[in-house]
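A.B. asks: Sequence:
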Amino acid sequence: MAKYPHMLPNEIPIWERWLALYGKDFKNFRYDVHVGEGVDPGKDVPEKYRQLAKMLTQKRIDAVAERNGEIWIFEVKPDAGLSALGQLLAYRELYRRDFKETRPIKLAVVTTKVNKDEFWVFNQHGVVVYEVGYI
Numbered sequence: 039m040a041k042y043p044h045m046l047p048n049e050i051p052i053w054e055r056w057l058a059l060y061g062k063d064f065k066n067f068r069y070d071v072h073v074g075e076g077v078d079p080g081k082d083v084p085e086k087y088r089q090l091a092k093m094l095t096q097k098r099i100d101a102v103a104e105r106n107g108e109i110w111i112f113e114v115k116p117d118a119g120l121s122a123l124g125q126l127l128a129y130r131e132l133y134r135r136d137f138k139e140t141r142p143i144k145l146a147v148v149t150t151k152v153n154k155d156e157f158w159v160f161n162q163h164g165v166v167v168y169e170v171g172y173i
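In case it helps, my numbering puts the sequence shown at residues 39 to 173.
Bear in mind the hints are in silico, worked out from the structure with no lab data behind them.
One should not assume that every hint holds.
[As the list claims (entries may be wrong)] Straight-line distance between alpha carbons at most 20 Å, and here's what the computed EDC-like set of lysine to aspartate or glutamate pairs gives:
no.: 1; residue 1: Lys115; residue 2: Glu169
no.: 2; residue 1: Lys115; residue 2: Glu75
no.: 3; residue 1: Lys41; residue 2: Glu104
no.: 4; residue 1: Lys115; residue 2: Asp70
no.: 5; residue 1: Lys97; residue 2: Glu75
no.: 6; residue 1: Lys138; residue 2: Glu49
no.: 7; residue 1: Lys138; residue 2: Glu75
[Said to hold, decoys possible] If you anchor each label on the Cβ, the simulated ranges turn out as follows:
no.: 8; residue 1: Asn48; residue 2: Gln89; range: 29 to 37 Å
no.: 9; residue 1: Pro47; residue 2: Phe67; range: 13 to 21 Å
no.: 10; residue 1: Lys86; residue 2: Asn161; range: 43 to 51 Å
no.: 11; residue 1: Asp78; residue 2: Asp155; range: 33 to 41 Å
no.: 12; residue 1: Glu75; residue 2: His163; range: 18 to 26 Å
no.: 13; residue 1: Glu131; residue 2: Val77; range: 17 to 25 Å
no.: 14; residue 1: Asp78; residue 2: Glu131; range: 17 to 25 Å
no.: 15; residue 1: Asp136; residue 2: Phe67; range: 36 to 44 Å
no.: 16; residue 1: Lys41; residue 2: Asn161; range: 37 to 45 Å
no.: 17; residue 1: Glu104; residue 2: Lys41; range: 18 to 26 Å
no.: 18; residue 1: Asp82; residue 2: Phe157; range: 43 to 51 Å
no.: 19; residue 1: Ala58; residue 2: Leu127; range: 38 to 46 Å
no.: 20; residue 1: Tyr172; residue 2: Pro84; range: 41 to 49 Å
no.: 21; residue 1: Glu169; residue 2: Val77; range: 14 to 22 Å
We put the beta carbon where it would ideally sit given N, CA and C, even for glycine.
The task is simple: from the sequences and hints, build the whole structure.
C.D. replies: Dropping the structure here:
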């Protein structure tokens, strides 16, 4: 099993740099956290394959951790753009629903670099931006 399931090879060095810089401030890391219902292919498909299809089509959060009574959801992407914002906003709502989470949920993007406009938009939505530079 991969050390960070679901992360792409170009995302792992970014995440590992972030862990070296900030990981000590967090606890209870979980990776490849499935949220959402996924897609059911229908009653004509055998049950074991229906369940597999649903699992494979669920949304997957790169990393979830805890800090100071809060849940933190992380999206790891090189040169993160606004697609990461959409993912994080959806992940927060699905995580809250699926895990019946009542603690505050913070969102963070871990990336090499973001431009000024995207940084501003992330900030407007309360998303913490961690720029770790190019590896």
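A.B. asks: A separate judgement is required for each hint: does it hold in the structure or not?
C.D. replies: So, going through the hints one by one against the coordinates:
Between Lys115 and Glu169 the alpha-carbon distance is near 10 Å, which keeps this suggested pair within the 20 Å criterion. Pair hint Lys115 plus Glu75 does not hold up; C-alpha atoms about 24 Å apart against a cutoff of 20 Å. Distance restraint check for Lys41 and Glu104: the Cα-Cα separation of roughly 19 Å lies within the 20 Å cut-off, and the hinted pair is therefore satisfied. Of the pairs offered as hints, the one joining Lys115 and Asp70 holds, with about 14 Å between alpha carbons and a cut-off of 20 Å not exceeded.
The hinted pair formed by Lys97 and Glu75 meets the criterion: a straight-line CA distance of about 8 Å does not exceed 20 Å. The straight-line distance between the Cα atoms of Lys138 and Glu49 is roughly 29 Å, outside the 20 Å bound, and the hint therefore fails. In summary, the hint linking Lys138 to Glu75 is supported, as the alpha carbons are separated by about 14 Å, within the 20 Å threshold. Taken as a hint, the range 29 to 37 Å holds for the pair Asn48 and Gln89, whose Cβ atoms sit roughly 31 Å apart.
A C-beta distance of roughly 19 Å is found between Pro47 and Phe67, which places it inside the suggested range of 13 to 21 Å. Distance hint check for Lys86 and Asn161: the Cβ-Cβ separation is about 45 Å, which falls inside the suggested range of 43 to 51 Å. Distance hint check for Asp78 and Asp155: the Cβ-Cβ separation is about 39 Å, which falls inside the suggested range of 33 to 41 Å. At about 24 Å, the CB distance of Glu75 to His163 agrees with the hint of 18 to 26 Å.
For Glu131 paired with Val77, a C-beta distance near 18 Å keeps the hint of 17 to 25 Å intact. Taking 17 to 25 Å as the suggested C-beta distance range, the pair Asp78 and Glu131 conforms, at roughly 20 Å. Checked against the hint of 36 to 44 Å, the C-beta distance between Asp136 and Phe67 comes to roughly 18 Å, which is inconsistent with it. With their beta carbons about 31 Å apart, Lys41 and Asn161 fall outside the hinted range of 37 to 45 Å.
Checked against the hint of 18 to 26 Å, the pair Glu104 and Lys41 passes, with Cβ atoms roughly 20 Å apart. Taking 43 to 51 Å as the suggested C-beta distance range, the pair Asp82 and Phe157 conforms, at roughly 48 Å. Under the hint 38 to 46 Å, the C-beta atoms of Ala58 and Leu127, about 28 Å apart, miss the expected range. Judged by the Cβ atoms, the range 41 to 49 Å given for Tyr172 and Pro84 holds: they are separated by roughly 47 Å.
One distance hint, 14 to 22 Å for the beta-carbon pair Glu169 and Val77, is violated here, with the actual separation near 35 Å.
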